[in-house]
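Go ahead and model the full structure; you've got the sequences and the hints to work with.
Number of protein chains: 4
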Amino acid sequence: MGRKAVYTETELLDATEKLLITHGYEGFHLKLLSEHVNGARSTIYQYYANKEELIAACVRRAMQRILKKIEVIDETDVMDALHATLRAYIDESKLHQILSVISKVKGEQSTNTQADIAYVKEGHDLLRQQLFRIMTRAQQEQKLRQDIPVMAILTVFFTFVDVPNTMGVSNDDWTNMLFKIWLEGVKLG
Amino acid sequence: MGRKAVYTETELLDATEKLLITHGYEGFHLKLLSEHVNGARSTIYQYYANKEELIAACVRRAMQRILKKIEVIDETDVMDALHATLRAYIDESKLHQILSVISKVKGEQSTNTQADIAYVKEGHDLLRQQLFRIMTRAQQEQKLRQDIPVMAILTVFFTFVDVPNTMGVSNDDWTNMLFKIWLEGVKLG
Amino acid sequence: MGRKAVYTETELLDATEKLLITHGYEGFHLKLLSEHVNGARSTIYQYYANKEELIAACVRRAMQRILKKIEVIDETDVMDALHATLRAYIDESKLHQILSVISKVKGEQSTNTQADIAYVKEGHDLLRQQLFRIMTRAQQEQKLRQDIPVMAILTVFFTFVDVPNTMGVSNDDWTNMLFKIWLEGVKLG
Amino acid sequence: MGRKAVYTETELLDATEKLLITHGYEGFHLKLLSEHVNGARSTIYQYYANKEELIAACVRRAMQRILKKIEVIDETDVMDALHATLRAYIDESKLHQILSVISKVKGEQSTNTQADIAYVKEGHDLLRQQLFRIMTRAQQEQKLRQDIPVMAILTVFFTFVDVPNTMGVSNDDWTNMLFKIWLEGVKLG
DNA sequence: TATGAATGAGGTTTCATTCAT
DNA sequence: TATGAATGAAACCTCATTCAT
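Protein chains in written order, with full-length UniProt numbering: chain A, 1 to 189; chain B, 1 to 189; chain C, 1 to 189; chain D, 1 to 189.
Hints were generated in silico from the structure; no laboratory data involved.
Among the clues, some could well be false.
Copies of one chain are not kept apart here, so a pair can be met inside one copy or by any two copies together.
Straight line, CA to CA, 25 Å or less: simulated SDA-like cross-link-like pairs of lysine to any residue [claimed, not checked]: (1) LYS31 x ASP14; (2) LYS31 x ARG133; (3) LYS121 x GLU26; (4) LYS69 x ALA81; (5) LYS104 x THR166.
These numbers were taken from a predicted model, which means no experiment stands behind them.
This is the structure in structure tokens:
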């Protein structure tokens, strides 16, 4: 019963995510969104009580997506696990941009929003801790150099994730190349 | 001598830069700026015709600053030059954030703005080309591995610049550590 | 017998009346109403063409209710009639609040609404005239002082109706107390 | 320095008060206000941060006005004091309408608003307590009947304040008439 | 020149009402 | 018939920019 929806919630979040990436938190407007989705601006309020709630839900979904991908990585072989992790992040190359939005979301009004913010924050910590754990194990297994603090290795790793694929190669090739550079450096011999 | 002007152009640009870093292009407002500077909001228009012009001037100045620092680097020794370059960038750790603002500046209105945008774009290319040149030379001199395209090495280098100093060490130490990782990688042995 | 309708017209008007009292004309919304009744907002339009029509019907019903109560009052004894009248009004303590809403209802659109507005206006006059008549009779019968115009006595009477029962006593006791004050005043002796 | 203001704060509050009386809290809009004052809607925000703050300030001012009038009343003679009090309230015949608005004002956002709300609430209590005190004294001095609780006398008094001047006489005459009715009642002899 | 004040454009949100299932 | 969904009008509020002192 009732009229057919002009778009699904998924479509709404997809469009939101795209616009958050291209315009950033402050440049994201509901008018903009409504122009990228067929339907009136006010219709958005059928799905989310306000802009903040929508953005928070969008960021949360992105976090859920990466968590799901990271979760299934086999940690038997430490180096394979790191490689797979890098690949997962590169597949979600815009992830950091989206997640960083969460720091601007104002959650005072809605408990929904607050819950989403908390979820994303926890996800952040989880991802960081898991990588820290794996890398520590890699150091112990003599797979990573020990004269550099894990924290530094980790931070560099997180930055590699954001290296733009200026070569325009496949994600597979790009992951392999970055992983190699991360491991071996760029110096000859 | 007359009464001190409410604020000098330099103070205005300094405040603008700080706020662009903390709030981003879309989060930067003249009201905000006037609250961080001693004088009224409308006085800003004595210096710049509009917001875009102010922002463009601010980004231009940042580009000038880094160009000046890069310009004086001695290129005799290729690897020293790269190290010094990394150090220069790390000293200007927020540089990328500022420069990236330029892509959002709308320059249709003012030729001043357009000139500034062009200047920044050219500076960008200049920096990139210079590094490209140095790295190519380094490859030729057998200082950098040849199985990885210079473009990839370069892109990674540019990303290193943005690795946040999570260890909280001095810029000197941080540069050394990053440079070492960039060169040698994180793998043991 | 078929499924029970989501709500009867009576339920709708009851809820409307309650909300008009608590929120006033301007604070009354159909969304609010639909939340206080079992059924969807749009279903309201099956009963009334628009918000104004609903409100007008609600006020009209309240007027009908008080008219019915006043109508049956035995006027044989003038003072008993006045006492009974006060009691009837006090039983409908929120009446004035509801009736006053009518002045805000916009009736241009619907003849139904216009008819309801007219009905309420006429009822108003009727009530006033009837009381005026009784009081004039009471004056003639030497039951009410003659040095005060009936109009003033009447207006004061109408105000007594709205004295909030701050003592929290029964309607019976409250009526008696107010009637006594109205008649005898508050001065000692 | 700076442009000449289109209206003073007093004019703004006067217009606000008038509109609050005629349209009520929920029917009061800034667009409406801007139409009753020369100047654009957005100009209002130069004076008050938001609608609630404006309304709260308006109600506060009304409370201040009545407090000032009540304050100066000479309490030497208890009955004279009560008469003067009634007169003061009748001069501010719309007072209750304005003050009642305060219960709808949402003050969560602004401490200014909260302070104004508190001020009005306290003023309310003050007025009530002062009258209670005077009336209690009047009872003790055998000026008011003792078979009726002061609370009831007080409540009736507060209602008298709102009796509309349907006779169209001067405030002086109206006060005298109401005071007489309040004291002596409407019964003959 | 510096600035307080004014303002219109544009963004957010709510709500009566309509649509289509 | 009942309703979920859509929507435009209208309210609130912010901000870049202009005005006039």
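Pop the pair LYS69 and ALA81 into one bin, within, between, both or neither, using alpha-carbon distances up to 25 Å. within (12 Å within a copy, 41 Å between copies)
At 25 Å max between alpha carbons, let me know whether LYS31 reaches ARG133 within a copy, between copies, both or neither. neither (44 Å within a copy, 46 Å between copies)
Within, between, both or neither: LYS31, ASP14 at alpha-carbon 25 Å: Classified as within; 16 Å inside a copy, 30 Å across copies.
Could you place LYS104 and THR166 in one of the four classes (within, between, both, neither) given a Cα distance threshold of 25 Å? Answer is between: at 21 Å across copies they meet the 25 Å cutoff, but 29 Å inside does not.
Evaluate LYS121 and GLU26 at a C-alpha cut-off of 25 Å and name the case that applies: within, between, both or neither. Classified as both: same-chain Cα gap 20 Å, cross-chain 24 Å, threshold 25 Å.
Of the numbered hints stated above, the single one contradicted by the structure is hint 2.
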